[in-house]
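*Asks:* Taking the hints into account, I'd like the entire structure generated from these sequences.
Counting in my numbering, the sequence shown runs from 1 upward without gaps.
Any given hint could be a false lead.
Quick list of in silico lysine to aspartate or glutamate cross-link-like pairs, EDC-like style, CA-CA up to 20 Å [what the hints assert, rightly or not]:
1. K83 - D71
2. K61 - D50
3. K61 - D71
4. K83 - D50
5. K61 - E72
6. K2 - E12
7. K83 - E72
By construction, these hints were calculated from the structure, which means they are not laboratory data.
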Amino acid sequence: MKYAFIEKHQAEFSIKAMCRVPRVARSGWYTWCQQRTRISPRQQFRQHCDSVVLAAFTRSKQRYGAPRLTDELRAQGYHFNVKTVAASLHRQG
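*Replies:* Below, the structure is given as structure tokens:
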């Protein structure tokens, strides 16, 4: 919340002054800025999983469910859990 306020008003005041008001360290501000642009390993895995599951789902003419897609993906060398495939299908609608 404090960092969002600083981000909103950074054009009006210096970062040094803006960090002084809510008593936030400047290093904390810059760390927060870097973390917002970074993609976590879990997000990278989900993106990879979603793309693989979507490709298998379209190859099956959108007829296979999570258990059958999991078997299909295991035959291709991917070792996803049934729940992971189901969550991926749910995320993608």
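*Asks:* Now, for every hint given, state plainly whether the structure supports it.
*Replies:* Hints, one by one, checked against the model:
For the hint linking K83 to D71, the alpha-carbon distance of about 13 Å falls within 20 Å, and the restraint holds. Note on K61 and D50: the hinted pairing holds, with a Cα-Cα distance of about 16 Å set against a maximum of 20 Å. For the proposed pair K61 and D71, the alpha carbon gap of about 16 Å is at most 20 Å, so the pair holds. Annotation: proposed proximity of K83 to D50 holds, straight-line Cα distance about 13 Å (limit 20 Å).
Among the hinted pairs, K61 with E72 is consistent with the structure: their alpha-carbon atoms are about 13 Å apart, no more than 20 Å. Restraint check for K2 and E12: satisfied, since their Cα atoms lie roughly 16 Å apart, inside the 20 Å limit. Taking the CA atoms of K83 and E72, the gap is about 15 Å. The hint holds against a cut of 20 Å.
In summary, the structure agrees with every hint in the numbered list given earlier.
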